[in-house]
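**Q** Residue-level listing of the chains:
Protein chains: 2
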Amino acid sequence: MLPSEGRQRVQIEGVSPEIDGGRFPIKRTGGEKVHVEVDMFCDSHDAINGVILYRPETSQQWLEVPLSPLVNDRWEGEFTVSEMGSYVYTIMGWVDHFKSWRRDMAKKIDAAQVVPVDWLIGAELIEKASQRASGHDAEQLKTWVAALRSHYNASNGILEDKAVSPQLAALMAKYPDRQFATTYEKLLKITVDREKARYSTWYELFPRSCGAPGKHGTFADCIARLPYIAELGFDVLYLPPIHPVGVTFRKGKNNTVVAEPGDVGVPWGIGAPEGGHKAIHPQLGTLEDFRNLVSKAAEYGIEVALDLAYQCSPDHPYARENPQWFKRRPDGTIQHAENPPKKYQDIYPIDFETEDWQNLWEELKSVVLFWIDQGVNIFRVDNPHTKSFNFWEWMIGEVKQAYPEVIFLSESFTRPKVMYRLAKLGFTQSYTYFTWRNTKWDLTEYMKELTQTEVREFFRPNFWPNTPDILHAFLQHGGQPAFKLRLVLAATLTANYGIYGPAFEVCENRPLREGSEEYLDSEKYQIREWDLNSPYTIKPLIARVNRIRREHPALQSNNSIRFHQIDNEQIICYTKQTEGGHGSTAPTTDLMLMVVNLDLFSTQSGWLYLPLESLGLKPDQPYQLHDLLNDAQYTWSGEYNYVELNPHVTPAHIFWINQ
Amino acid sequence: MLPSEGRQRVQIEGVSPEIDGGRFPIKRTGGEKVHVEVDMFCDSHDAINGVILYRPETSQQWLEVPLSPLVNDRWEGEFTVSEMGSYVYTIMGWVDHFKSWRRDMAKKIDAAQVVPVDWLIGAELIEKASQRASGHDAEQLKTWVAALRSHYNASNGILEDKAVSPQLAALMAKYPDRQFATTYEKLLKITVDREKARYSTWYELFPRSCGAPGKHGTFADCIARLPYIAELGFDVLYLPPIHPVGVTFRKGKNNTVVAEPGDVGVPWGIGAPEGGHKAIHPQLGTLEDFRNLVSKAAEYGIEVALDLAYQCSPDHPYARENPQWFKRRPDGTIQHAENPPKKYQDIYPIDFETEDWQNLWEELKSVVLFWIDQGVNIFRVDNPHTKSFNFWEWMIGEVKQAYPEVIFLSESFTRPKVMYRLAKLGFTQSYTYFTWRNTKWDLTEYMKELTQTEVREFFRPNFWPNTPDILHAFLQHGGQPAFKLRLVLAATLTANYGIYGPAFEVCENRPLREGSEEYLDSEKYQIREWDLNSPYTIKPLIARVNRIRREHPALQSNNSIRFHQIDNEQIICYTKQTEGGHGSTAPTTDLMLMVVNLDLFSTQSGWLYLPLESLGLKPDQPYQLHDLLNDAQYTWSGEYNYVELNPHVTPAHIFWINQ
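The listed protein sequences derive, respectively, from chains A and B.
Just so we're aligned, residue 0 is where the first sequence starts under numbering that gives the first Met the number 0, counting upward by one.
Just so we're aligned, residue 0 is where the second sequence starts under numbering that gives the first Met the number 0, counting upward by one.
Read the hints as simulated data drawn from the structure, not as lab findings.
Each statement offered as a hint is correct.
In silico DSSO-like pairs for lysine-lysine, Cα to Cα no more than 27 Å straight-line:
#, chain 1, residue 1, chain 2, residue 2
1, A, Lys342, B, Lys107
2, A, Lys416, B, Lys185
3, A, Lys342, B, Lys161
4, B, Lys416, A, Lys188
One-sided excerpt, in silico: chain B residues whose CB lies under 7 Å from chain A:
#, residue
5, Glu12
6, Asp19
7, Val417
Don't be surprised by glycine CBs; every beta carbon is placed ideally from N, CA and C.
If we strip away everything but chain A, and leave its shape as in the complex, we get (with noise of 0.2 Å):
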């Protein structure tokens, strides 16, 4: 059966960025850049073009930005996303007959082999144009056609050159025929976001230790903490779940299977008789009080985040009131959670092959409208790996198409395509490996995946050096120094990075026993008092480290970054800038140098080298470095330079460039 156009000649092909065939969605945030490439040719000799056509989901006119050629059939083209939401975009490329002709022209003009006939074909190219242009355009159209239609009979040199101007070429441009063009056989999706999805810094806290010594922390206490917390340069606070804390099979302090009496137990053991997962934990206090952090905390510019964990303790409403939501087992009991030989038995899992799936997630789902509905935006998802990735990708873009501002971390440590797929499938940020990245080849070889490759298009990492499960042996044995450095390195490796406090700036490091990479007496199974003004605080660099952040750009997304040689393994370089550098023609407007010793214990040196004219510096002026940590100044010339760094002064130089 023939097809309905058999004319379209142009192929399309290779389009890049594309996820799965197109399966899934790009990330941007409002303002970024999309860059795309394609394979696009025509069969014989033929010119072509093309261009990228978006737009809003929403909108129904398309939007387009031309593609130029790049080598080997490939083209690109870049456009920007502005507004928060859903974007389309895909390829549309044509024959471009006048391209033709006028490269044609000028190799029959330098042959001196033009022939009259010549003329009226480009006459006709043009008439054609006209018919599709108004106004003054049409008229200087139909000037040139007159002209070589003259032309036809009294050739003249004069005319020849003209023919194949840029303006005439510039004009024609105006007015393509698209009669018989491709549009390629896909529109791919970009989910747009604002800007924290891509820029956050991130403060884990437990509300419950906030408190006064001895005494169970409330809302109100955090709320006396924020000036600390803002005063440190963090933009979200993110609390572990302040739901009301299950009492059955209720673990003790230091994961105790029996918690005695007074025990706290883990916040993530969700529900009791006093609610769910749209209740708060009674000693926390109202949910006015809750409703009244979250617009406290906005004045100090930091957003509140929720941990979203769907898991119930035995005492949860659910396992009361819609008991087909877990697994029974045959003996009519529920089924805890398990991972032979460990039992989990304070937790209930979801089982979201019950019958009820329908009910069970339009449930879940509401869960966080509710708290949407009271101000919360972002949402730190707890083992997303462990619920059903369909779930995910259903409600994710459920809530997104009605609220585009809200922010989903996926706090998945899993093997690596289970995290990549969740990251697909919606989430807006992810935790990583970072953790355990800690030599200069690892750091590398991480950042390159993270950052140059595909995986820059879905996944947006989020660096913690600590979490409430995670406290790495780097940081046991390493003291002070260690704390710095991976503050360093999760701060400025990744737009998105965060801690979990206090327990970070005060630079805790007990495990629960040597092997171990639980904290000793963990804040998830007992309250904690922290002394804030601890004489090992790393409070000051912090802070100062979140202030370079805000104020240097470069900082703000991930993708500039460039690994820099240097001759000693101990020592990692790395550039990132804002747009301009990397060959392009454009400023360079903010060019950023991070060096940093990796070794805890001796002070380290090397020569470095730096690419000068990639990134857009003059590689016979000398250029200065400002040490934005200790606000030292430096002069280098040329491309090596020589660094020294000694880990019991400072971990890192993080130096702005100008030059």
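Use these hints to put chain B onto chain A, whose structure you have.
**A** Relative to the frame of chain A, chain B by itself:
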């Protein structure tokens, strides 16, 4: 909006092979395997299972083969296609609760943590499977159910062991619960050709040069030449266009612009008053003579392939009867071919943008059908990249739906993406860059691109050391050793290869002029008389190499090729083997080692390294090498062995290895 089924927990992605997101089919011949890999995983800790589903496109019945886990959530499986035509395949995966139960029970038994209800959980799963089973299997499963239920009350260690027995697991695997299975969203396609698509040996011959001295050759003369071609060992006889040759603007000998009286013209200038693409040049004979050639050739095991050159001389009947299929210039004349400053006034290219494209396409298709009716099943397509891609996809698709045995060879020497696109669109085989790949590095990299990347799934290379258009400088200056060398490379690197004879076997090496790849006194413009008994002929080598190819299945496909180390840049070494090698446990049935000296002038030697174990050889035992070119026998031991080749004696070893 909720999906219709939300409980499909398995995620499927990263399917390979999958060409351009499933837009294009992969290619196989009957009896070949399709090795599939896929990323497959589900949420949580549950075990999963999966299958490849596949079927002939016209069948309603899915066939299936199991997937096995590799590492990092990757699975693999393979199946064999048998029937010519189209196949489809996809992936199905499901959560396997019995597999999870059995795995967890083994851990619990080890940890002495089995609780009685665990038996009931297993019993329930087995009972459900027994309802899917029938006959003896169902009975056996019910026996297990009873045993586990009774065990619920009275624990005993023997049953514990039995419950995780492989026998029960195997029985359960026969009756999986696929209620919530996920099927991959794409149906991927396979074009299954006959064997000659994969393995063929081509001989190109100008029929008009087959006559007695001074006479225009005929099909009858071609018939007389068949024993010679058969003796050389070719199984495809490809004829340049056999249609009436145009007279207007006919080119003379050596491409002179004006033909002299008696000049026979270019066969690709198709069309004269006697007819066009469905007619036969009168001097060659009649349609009956042609059919006679086809059937006589078949008696020698040779298929006749025709040239499909969709272009016209100004004298072609289309130019009179269907002038709308050509581009008309504003002065009313038809546009001839040109590539400024070159003009080809003897050729009218077809205008695929004609308004009458539907009739054009049907007519062009009818040309192919006409020759199929005359017994032709192989077409060598002239410059397909100068005709509409969409037309090819449609035409080849239509023809192969009715005649899946038809083979189309794409004669496109242009940019790589264009050549690959034509293969994706449906061409069965393709010309390549082989002619210009002469160094070890070039040959190795090119073969890796063709056999170790996705390209191998859709692009079947056909290597030609020469064509009437290409006499490479290597052949011009290398004498007889150059022809021998290129013959051995073409014939052993790829399973499809061809030569343009008798120019090739008699080592014709005179170019039109220094620096040109055109032949002097090219047959494209004149009749040539060839001395088939020339003292320079390499006919014996060709005959032997083609016999070796027939007798050794390892040389009848490409993708097993592996290049091996030798400490001499002038010697290239590679093995090919039939299935079973490369780490497989199946026995290697045919293992061939080629050692080729790329230096045309000097003896070269070196120590060759063979990875014996991965080739399926026992490292601790000697192995026999039989040089099939000269019947010399060698016994080698170990991984390093010495080779030496004198180009004036033999260009290569073609070893059959036996242990």
